[in-house]
Each structure stands twice: as structure tokens, then as C-alpha cells.
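Required output: the full structure, derived from the provided sequences and hints.
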Amino acid sequence: MTILHLCLIFSALLFSLGLAAALARSSGILVLLGIELMLNAANINFIAFWKFSPNPENGTGAMFAIFSIAVAAAEAAVGLALIIAIYRHQSSIRLQDANTLKG
Amino acid sequence: MSASSESILEAFPLTIRDWLASVVPLDWLQWLILSLIGIVAILTVFGLTFAFTTVTERKLLGRFQNRLGPNRVRIFGIRVFGFFQPFADAVKALTKEDIVPAAADKVLHFLAPCAMVAFSLLGFAVLPFGKHLSLLSNIDAALLYFFAAGAASELAIFMAGWSSNNKFSLISSMRALAQLISYELPLLLVAVPAVLMAGSLSLTGIVVNQGGDLGILNWNVFTPWGFAGFIIFFIAALAECNRCPFDLPEGESEIIAGYLTEYSGFKYALFFMGEYFGMMSLSGLGVTLFLGGWQAPCAALAFIPSYLWFYAKLIVMILCFIWMRATLLRLRMDQLMRLSWKFLVPLALVNLGTVTFWKYTADWEGGMLVARWLIAIALVILPFISLGKVLSSGLGPRKYRYA
Amino acid sequence: MLGTGILKGLYITAKNLVGSYYSSERLTTIQYPEQRAQLPENYRNFPFLVYDGEDAIDGLRCTACKMCEKECPPQCIYIIPERDEKGKLQKKPKVFDIDISVCMGCGICAEVCPFESIKMDHHFEVAQRNRFAGLLLHREQLAKSNKYYHSIRPKEATAVDESLAEEKRKAEEKAKAAAAAKEAAAKAAAAKAADAAKAKTDDLEEKKN
Amino acid sequence: MPSSIDILWFIPALPLLAAFIGAISTQRMRSVASGSALSAMAVSFGLSCIALKDALAAPGVHQVNNFSWVSVGTFNLQLGFLLDPLTAFMLVMVTFVGFLIFLFSTGYMKGDENYAKFFCYLSLFAAAMLGILVSNSLLLTFICWEVVGLASYLLIGFWFFKPEAAAAAKKAFITTRIGDLGFLIGLIWLHSISGTQLFYNNGEGFLETINLVEATAPALFAISAIGILLFCGAIGKSGQFPLHVWLPDAMEGPTPVSALIHAATMVAAGVFLMARVFPLLEFGSALTVVAYIGAITALLGAVIAVAQNDIKRILAFSTVSQLGYMMLAIGVGVWEAAIFHLLTHAFFKALLFLGAGSVIHAAHHEQDIRALGGLAPRMKITFATFSIGMMALAGVPFLFSGFWSKEAILHGAHTWSVSHIPFYIGLVAVVLTAFYMTRLMANVFFGKPRSHAVEHAHENNWVMTLPLTLLAICAILLGFLGTPAFPWLQAKLLGKDLSGALEFGKIFEGPGLMITSIVLVALGLGIGWAIYGFRKRERFGDADPLEKRFPGLWSALEHRLYFDELYAATILKTNSLLASFSDWLDRWIVDGAVQLVSKLGTLLGFINRDIDEQCLNAGFNETAEEIRGIGNTYSKAQSGDVHGYLRVMAWGFVAIVILVSIALNI
Amino acid sequence: MTTFPIITLLIIAVITLGITAVALFLKNIIHCSILLAVSWVGIAAFYLWAGAEFVAFAQVLVYVGAVSMVVLFAVLLTQRKQLDLEKLTGTVGFRELGKLAAAMVATVLVIAIATTPLTGSFDAINEPVITVRDIGIQLRDNHIGALLIVGVLLTVALLGAVVVASAEPKTEE
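So the protein lines, in turn, are chains A, B, C, D and E. Heads up, the first sequence stops at 102 in numbering that gives the first Met the number 0, and the numbers go up one at a time, no gaps. Heads up, the second sequence stops at 402 in numbering that gives the first Met the number 0, and the numbers go up one at a time, no gaps. Heads up, the third sequence stops at 208 in numbering that gives the first Met the number 0, and the numbers go up one at a time, no gaps. Heads up, the fourth sequence stops at 665 in numbering that gives the first Met the number 0, and the numbers go up one at a time, no gaps. Heads up, the fifth sequence stops at 172 in numbering that gives the first Met the number 0, and the numbers go up one at a time, no gaps.
Watch out, some of these pointers could steer you wrong.
Stated by the list, open to error - Using 20 Å as the maximum straight-line C-alpha spacing, the simulated SDA-like pairs for lysine to any residue come out as follows:
no.	chain 1	residue 1	chain 2	residue 2
1	C	K14	B	Q64
2	B	K105	E	N27
3	B	K58	C	Q30
4	C	K7	B	P244
5	B	K166	E	K98
6	B	K341	D	Q26
7	C	K146	C	T157
8	B	K398	C	G4
9	E	K98	D	W650
10	C	K7	B	L394
11	E	K98	A	M37
12	E	K98	A	E56
13	B	K58	C	G18
14	B	K58	C	V17
15	D	K116	D	G106
16	B	K341	C	A190
17	D	K379	D	P396
18	C	K7	B	T326
If you're looking for bench data, these hints aren't it; they were derived computationally from the structure.
As C-alpha cells, then:
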């Protein structure tokens, strides 16, 4: 077991926590937060692999993390706007209620 | 670090710290003590500055309005123009009843003032107080750290507003958040030019970049972009610390005391303290970015230790804050937003262009130097005038239609 | 241009700041407990009762006419007139209380008093520990000498004194005149009585006859 | 300091930026739009001057800055920028005249409600025009060429609420498109032959390799054809003979537009293009065509201009005529004289147009010369500058630039080895030019005012008179750059060394020719003054003296020799006939067939339905029920529940990992 | 001294995971959001540990400064009446099923990571190797396209968010 393993396990657990939140909570906001956490877990992987890569000086992992943070910010903004729109539409942010497309 | 050219005073605080640390034999304990001494020093200096700023502010406000201001408090019969006021205030705040509303979210209600003070103290960690005085001097992205720490204090305000379970508190914390977010943008944008010129995000680097043979003229504020940036920074900083004329979140005429409505006693005092710490750290940042940090205005005055210069500039900034408070009226919410988004942000963006021009014309000489200055000044003045026209269009002396 | 107004404002406040240190006209603050402002003569606060002479209770001008009690808008005056042993009303108050926690200092009592007895005071430091009993002033506390009255509002007091003296003089004259008239009337009555007696005797004599 | 070839692209880019700013400017920000347009032009002018200085330092050298635009596999399309004296002279002229016209426009368009839009269009136009000038690639030229067309369309139709303006814009756009089609075909053909679009590329541009082509018959034919096709584009843009009809109509646009586009710059683009590809034209036999077309246009324009009444129309036809001159010059092989005339013409024609604009502005948009009159004492600066422009155009000797450039062209035509016909046509045009300009002057500035507005006309403010004055000075001085004694301009253009200093002896090069032309100019002026000067027009309705004498000819001329009617009768008619024919074809033949098929289909359908209902339905219904049942079962999976999907995904992930690890025996 | 970084990492990881776990299963959404902000700070601490200073501060600035604010605003805007907490937490079966799935994923991931032999000298702790200056140069030279695209993306996303979230004009029906 190396430190890299530890980092990866940390990231995996964080990912699973995010997944659990997305699966077990009904509030749309919390589901979104869970997804944000999963993204963060991915970022942790990037940073970890960058740190332990053979040539970290070109900084690709850190670069990727920065871009991913920027994209995550956009994702959060759009996601929460969607949730507000859903709320306005059906005055609830329970995702179980958002089943208009049910077959 | 050549000691010969500097006075002993320059390194005096460091000497004391090292001496204190050397008492302890253990290696890791020494490290701990070294850190602790820095923290304690900051807390003491700025805590006292906070205390005396409050009384100075009240006294100066009095003078600005042709009054005397507080001058009564005495300790053991000694009355130094009322400068013991803060101690009386502290005793009063400590002994007052701490009221927590029954419907409040108790945990957050308690945490909010603590978080406020803690986050507002974070900024001090990276400020270079003197040539050798900075807690985290080796930090590379100090400016980014500063703003990240500042962003966190929004959370405390939200916590305060929400946990009080009071509609005024909530409205005011929403207002405060909107205001902080809106004014963080110009603040960040005008910090970028200084970074651009210094080629470094490190605050120490930015200060060093403002040194040189010309002394005071090397300071960023004495360039067209620096001057404009400093003004924008000052306005945005006023708004960031909820100071008059941007003290809408505490607009007592509309929403009682804003998010402080449900706070009393020492918690209230903590908020107060947090705001003043925020003001001081922002002033420190302004000094660092534009006023040459700890640099002395000319080489002849360099015998005064650098940290004293920094402190003097900081005090001047704070006095300007007070002066503003004594002069200006509170804005309306829509005016506040308009000022930021339609005036400061565009100006700050234009300023980015100006500084780029400035940087790329650094080698112009002679007549071209004059041209460089003229163009840069025009780049500052013209947008200001035209945007100012747009901003103040439709305003003017009030017309009374039915009078 | 934008910002000139702000600069002007800053200039004005800066002028205040500097000016307040050397120009005493600017700094109008009076350091209250040590320094006191000269109150204008017509300043009024709560009412007091004027007495003449040395003794506070005996010299009270008040006649317990209850005029002020009736007129007082917040009804903060309470008067019980003195009675002698037989229960006859005396022209003196036995109880004269003013509740200054209720009094609004309107001065109507002083306006309506026909005897120049109740006047408005300059004294304003009336804070008390006991907010019920302490603020209910009795006639001993209310009674203040005419000298004090002169000291707080000299003009008015002099005018009052003059008019009182005038009244007194008039009253004396009137009394004198009344006395004279009484005398004359007595004389006339005596004469009339004599005439009547005489007539009666005459009548009786006639009847006898 | 970067060399000017590297910063050359700034020259068109700045007006483009200004156009963008203008596009996003609101009505309230009108001064932003005009300010940015003006400053962009000013800076471009400054850069152009620097470029000119650099170009003159190295005459005959074509500095290029090429870059790859599209690169697909082995196909590599290059664009680029080019700096040589030709480009540089044109750049300076366009930016300078453009700047003055922009300045003039700020005054002229002051009250217009689409002010910002106007400057947006103007800047767009300037950007595209400058793009043509700096382009080192026929393709880039074509792109800018089309943008110029677009901008001209927008500007002519700027007052789109006037039906004439809208129609004129459409006409200009479509007419020039006809020419551009030729240009495009020529461009593609050229690319297929030479494999490059670049003019110069260190010995690999097609203008450089053209001399290496073997003069075989097919090659000669192809290159001549390409030359003529490219000339088609120039015909459209420069208003040459068959496609000249749009130019006079384009005068419906605002006057600064007329000055900028239809006098100084855009119409010159065709001439510039011909000068640019001159080596190509020279190789084939296209030049002869160019010369004759030019000669015909020169005569035609001058003749029609005689009988026009609209002040701007007269100037427009005179432009057509002068452009014909330039084409003639190129056709006879003296392209440097053509460019010389182009430059001088740009200045004095812009001057004339702006003068006309000044007159029109002062006279409350009265454009009919019969209604004007007596303006000389009322508008002194305009009169003085207009006269200078008029004399330059008419070619009054020695002092005025038009004389020298025209002389250079006539000299070139005289020495053309192929034929002398163009030369004689040119001489006739000289007389006519002097004549109609005299008519114009006499009617507009002398006599007495013939309408109410004119009586109250007065001089305009400085933004309008300053450009006039500057242009007038240029209209005089510019001629001395290219006198026969000191042909500095021509030498620089040709990349020759200017051997020796002034040669006063050569000033009367070919004295006979010069005297002839002076006499002809004097003749034109004299006749003009004799007819219009001595007996001035009294009232608006008076018939023209020439009209009384030759009514038939006059009315033909007044209707511009019935070109529009001719086109309407021939081309448009044919077109609509063709359209009606295809309509008929569609309606009866194609549609009939379709109808027939559909009827057949319906019939089959009827038969089909019977079979269906009787035999097949029962079986199908059963199957459909079955399918619906399956669908219902599976649709339960489509729960609309996000969590459900996520959960299934998670389980699926776990299952896949387990399965894979089992399969791989890990 | 190789144990020190490991201990630091473990502390950061345990605290972050703990706070996140608590945060995600609190009933009060506001508490959730604020605690999550803390866990984002924890992640930033990990970045600091890894030597990616810039990323750490960007993380704090973006997540704590912006995203958590947006989340809190969203919570406030969608919480006009008292929340039916039972309704929002879902049924027991629903919750447990979700947690089970997540736990399975966690198990699979951890096993996969643990059994993967990662070659190379990963035990050596590298000092921070990328400075802000390097990042700036990288952004300017190698990633300029990505930077521009991200800028455009952010602008478009924000505009879209505003459009989606802004109230529709009320239509008469």
C-alpha cells in the first residue's frame, strides 16, 4: 500500500458518499451536492496522480483540476437554476415528484 | 538580509521571537511556539488597533460633525480624552445578557459570530507587515488565499442571518451576500493589475516591485492605472466591509439592525470585531497593492522600520474610511448594484487594458514617455467620464411637479 | 462630472474636523454636569408653587380653588383644601400633589391660576429611584419661595409682584371704600331706624287714642 | 518596433473593431460609435503613412506576410497580406479620404436616428475596402470584395424607407453580383491552374509564376479568359459599360456614402484589382477588351451626364466616365497612369461629392440643379472648393491635378500600338466633361435662387467645410506628384529608380498632344459658358437650351439612353418568361403526372382496404395487443425517477466490475 | 520523515470523510450545505497537502465562496413553507437501497484500488513542483484554447442559469 493508494481510497470513499447522497436523498439540491462531491472526488484523483506522476513539472493534472473546478461551478449554477425552475413548476424539489416523463 | 544597511529595529520583532523560541529545547515545540508568537502578535496588535479604532472613529465622527465625541470614561480617575472607552465597552458587552431567540437555530446562532471573527482574521496571515514580517511569506498564491479567506466570511453572515429566524435578519443577510458578491468582482479585478506589473501573486513580490530609487513614485498609486485601481479598490473595500455609504445590510431605517438584530452582548461585539478586522485586513491589502506596502516614501526615511510604515499607511486608510462614513449618505439597494455592475466592473475591466498597455510600453523613452502617460491617463479618464455620465444620467436637482 | 459632489462633501467634513479644534463657535457642545447652559427665561419644565414670606406652607399663595386641577389635561394635579375644626373650607390646600411622571409640562395650570400661585419651574433633574412615590411631588416639595421665582424668571416675577401689589392696593382701597360705605350705610340705617321707631311710637300712640 | 508588414493587418482590423462597437452601440451612445469610427480611421491613416514610408523605402519589392487558413490533408489554402507601393498609396488615399468623409458625416448625419448604425456600416465598409487593399490573396480579395458589396448595399439602402433607395440598393447588389459571378469563376479557374491564390509568395505567387508559363494556345486562351472573368468583377464594381446602371441609382444613399463608396474608394476597387493582376492581363489578350470597354464607358458616362438634372446623378455619371478613363489606361498598358488618375480622381471627386453634399444639406435636401442656383455668394467656401474640384475634373491646365493624370492617360492611349480609337474617344470625353461641369456650375452657383430653400441657404459648420478645404488642397497638390517632368509616383509604382532630378524640359512631353487637350478643355468650357453662362436659367420649369434645340436626343440622354428600359425589356423579360414557362411546366406536366400517380394510389388503396378489413385485421389486432402488453411491462422501468436510474447505474457498475474481475480471474 | 505526510493525509481524509458523511445525512438542508462547505475546505486542504496551492485556493474561492452561496440561495428560494422533512428524506426502503448501492460501489472501488499494483516510487513524497507562475504560463501557452472555451462556457452557463431561473411572464389562461 502506497500513499497513492491512500489518496485513491480517500477519493473512492468520497465518491461513494456523494453517490449515497445522490441515491438516498430526495431533495434535488442535495442530489446536486452529491454530484458535486463526486466531481470533487474525481479532482482528488487528478491531483493525486499528478503528484505521484513521473514528471509532475508539466502540471497536467493540476491544470485539469482547475478546469474541472471551473466547469463544476458552471454545472452548479445551471443545476440549481434548474432546481428553482422545477420548484416553480411543481412547488416541490422532491425528485420523485419530477416524473412527468414516466412511461 | 544584510543587517548592515538596516537598523536593528528592522529585525527587532524577529529577534524577540527567536529569543523566545530558543528558550524551548524541543524542535517541534519550537516550531509551534514560533507560529504561536506570530499569531499572538497579530491578535494583540490588531485587537488593540480594533479597540482604539472604535473610539477614534467615534471621536472623529464627533469632530466631523462639530461635536466632541466620547470623552468620559476614566480608569482610576484618569481620563485620557475618553480613550479608555473600548475597555468600558468590552466590560459592558461581556456583562450584558446573551439573548438567543427561542426559535433560533442555536448551533448556527452561536457559530456565526465565531466564524465571522475567524474568517476575517485569516486574511492577516499573508499580509507582509514588514520587510521580514509575514506569517506565511512563502505562500505563492497569497492574493488568491486572501480572497478565498474573504469569500468564506460570506458564509458567516449567511449563518447569522438564517439562524436568527427573523425575517429582517434573513433579508439583510441576503442583501449582504448580494453586496459582497457584487463588490468582490471589482475588488479582484483591480488587484489583477498589480499582479500583472509585479508578475507574481505573492504579496511580498508585489511590495518589492514597488520599491526602487524613486521612492514614493514607485508606488502603484502614482501611475494612472494604479490611481484608478486604488479608487475602485477603495470603493469596493468600503462595500466589502459594509461600511457607510454601503451599510445597507445594517440599514437601521429599514431592517432594524440587519443580521445583527437578534444578537446582543458579546456575540454582537464579536461581529463588530469581525467587521473591523475585515476592514483592517482589506486596508492592509490596499496598502500592499497600491501604496507600496512597507516601503518608505523615500530613502531618507528608511531608518524608520518598515512595519511602522505599513502600520502608518494602514491607519491612514482607516481614517479615510472614517472620513467617508462621516460624509456620505447610504445608498439604495438598486443604486448599490448599479454602481458595482455598471460602473466599477467596467472601469476595472478597462483598467486591465490600461495596465496591459502600461506594461507593454515600459521601454518607451523621452517624448514617447509623455505619450505613454497621456494615453494611459486618457484611458483612465475617458471611460470614467463617459460611464459616469451613463451612471448619473437622469439624476439632478429634484423637480417638484406639484409645488 | 461624477464624484465632484463627493469631493465637495469631503471638503466640508474635513473643514469641520479641523475647524472644531480651533474655532470655538463650531464646537457648541456643553459638558453638562460640569458646565451648564444658561436656560432661557421662558424655559418651562414642571410646575411649582410660589410662597411669600418665610414659611413655606403658610405663605403659599394657593387658595385651593382647584382651577388648575380642573384644567390640567393629563389630570396630574390633586388638591384637597384645608378645613378648620368645624369643617369649614379654608383658603389653603391641605394636599397639593403633582404627579410629574404624568405631567406633560404644558403650563396650562400656570395660565389659569388666578392667584399667580402655580408657576413653571426650570428644574429638570428630577430622576428618582422610586418611579411611583418618588415622582409624586407633595406641596412641601412643590413650594418654592418667591425669591427663587425671581431667580429663575426675573422679568415675569417682577411683573407678577407688581400686579399683585396693585391688586392688593386696589383691594385695600376697595376695602376702605367699602368700610366707608358701610359706615354711611350704618348711619343711614340708624337714622332710618330712628325714624321708624319714631313712627312706630306714633302709630302706637294713635292706636291708643 | 515591428516592421510595418507585420502590423499591416491592423489597418483593416481597426475599422472592423469600430464597426463592431458601432453595432453594439445604442442610440444613446451615438457619439461612441462615431468617435470610435473616426479614431479607428485616424489610427489606420497613421499606420498607412508608416506603411507608405516603408514601402517607398523598398520600391519594387513585394513584402508579404502569408499564413495558412485552411489546411485539409495536402490541400493548404493560404491567405496573406501584401505591402508594395501600390497598396501603400491606395491605403493612404482610402484612409485619408475616408477619415475626411467620416468627419463630414458626423455633421451631415447629425439628425439621423440611425446615426450609430450609419457609422457601423461606414466602418464595416472601410474595413472591407482596406482588406482588399492589403490582401495578398485573390480569395481574401474576393471575401472583402463581397463584404464591400454588402456594406455598399446597406449604405445605399440606408434610408430604406424611401422606396427608391431600397430599389437602388437591390439593384446595386444584384448588378454587381452578376460581375462577381465572373470574378468567382475566374478565381476558381485560376486556382485550378496555378494551385495558389497568392499574388506574391517569394516567387511562388501566381503573378510571379505567370511569366514562366509557356505561351501555348490553350494557356493563352485560359489566361485571357481568366483575365476577362476577373475583369467582369471589376466591371460590376467599377460601373463599367454594361453594368454601369447601378451607379447613378446608388445616389439615393446619403451623400457621404456617395462620396466614399461611389466616388473615392469602392468603385476604385475594380481599377485597383486590374492594376494588381496586371501581369496576368498582360499575358493574355484581355487588355484589349479592357481598353475598349473603358473607352466606351468613358464616352457613355460623359454623354449621359450632359442631360442629367440631379446634381449627384451628374457627378455619378462623371464618375462612370472617369472610371472608364482609368480602365482605358489599364487597357492600353499604362496602369501606373490609371492609378495616378485614380488617386487624383478620388480626391477631387470626393471633394465634388462632399461639396454637393454641403449644397444639398444647406438647401434642405434639394438635389435638382434646376431648383438650385445663386449659391456662390451664399456659400463661399463650398463654392471655392467646388470650383477647384470642378476644374480638376475638367482638366484645367497646369494647376489642377486632374490635368496631369488625364494627360498621362491620353499620352498612354496615344502611344498604344493596337488602335487609336480609344484615344479619340478619350478626347471627345474631355470636351464633354468640361462642358457638363460648366453646366453644373452655372446652374448651381450662378443666376438667382430658384426655390425657397435655396434663398435661405448658408454655409455649413466646420466639420463639413474642413474636409472640403483639405480635399481641395489635395486636389491641387496631388497632381504634382506625377507630372511628366517628375513622374515620382509612376516611378515608385513601377518600382523604377527615379533617374535624375527634375526635368523641366520634359514637362511638355508631346507638346502637340498637350496643346490639343488644352484646346479641347477650353472648347468645352467655352461652349458650356456660352450656352449656360450668359443666359442664366430664370425659373425651375424652363427648358434646357439644348433641349429646345435637340428634343429627341435630349430626352434619350435624360433617360440615360434607355439602358434601364433595355434591360427591363430584355433580361428581365426573358427571365420572367422563363419563370412563367417553368411555372407552366410545373403546373401541368409535373403536377399532372403526380396527380395521376396519386389517383392510381387511391384506387389501389381502396382495393387494399377491402382485403385488409376482411382478411388481415383480426391477426394484426392480436399482435398489437401483445406488443402493447410487452410495452406496458417494460414502461414500468421508465419510471421517470432519477434515483431509480442512478441506482440501476450503480448496481450495473458493481455488476460489471464483478463480472469482469471474474472473467479475468483477478 | 515519511510518516508525517501520511499522518497528515490520514487526518485530512478522516475529517473530510466524517464531515461529509454527517453532512449528507442531516435532516436540515441548511446545515447540510454549511457542513458541505466545510468538507470542501477539507478537500482544499488535501490539495494543499499535495502541493497544488493554486488549485486549493481556487477550490475554496469557487466552492466555499460561490457554489455554497448559490446552494444556500437555492435552498432559501425553494423553502417557502416549512419543509416536510419526512417527505424529503424518502421512505426507509428508498434510503437503505440507495445507501446499499453506494456501499457496494465503495467496496468494489476500494477493492479494485487496493488490489491494483501501482508501480513506481510512489512512496517518495515530492515537494511542490508547480508554482502559480508555471500554471499561468501553462494556461497562456498550452491551454489557451481550453481557457477560452471555459470562459465562454461559464458565461453561457451563467446566462442560461439566469434565463432558466428567472420567472416566466405570467400568461393569461
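* Asked: Which numbered hints are broken by the structure, listed smallest first?
  -> Numbers 5, 12, 16 and 17 - these are the hints that the structure violates, sorted from lowest upward.
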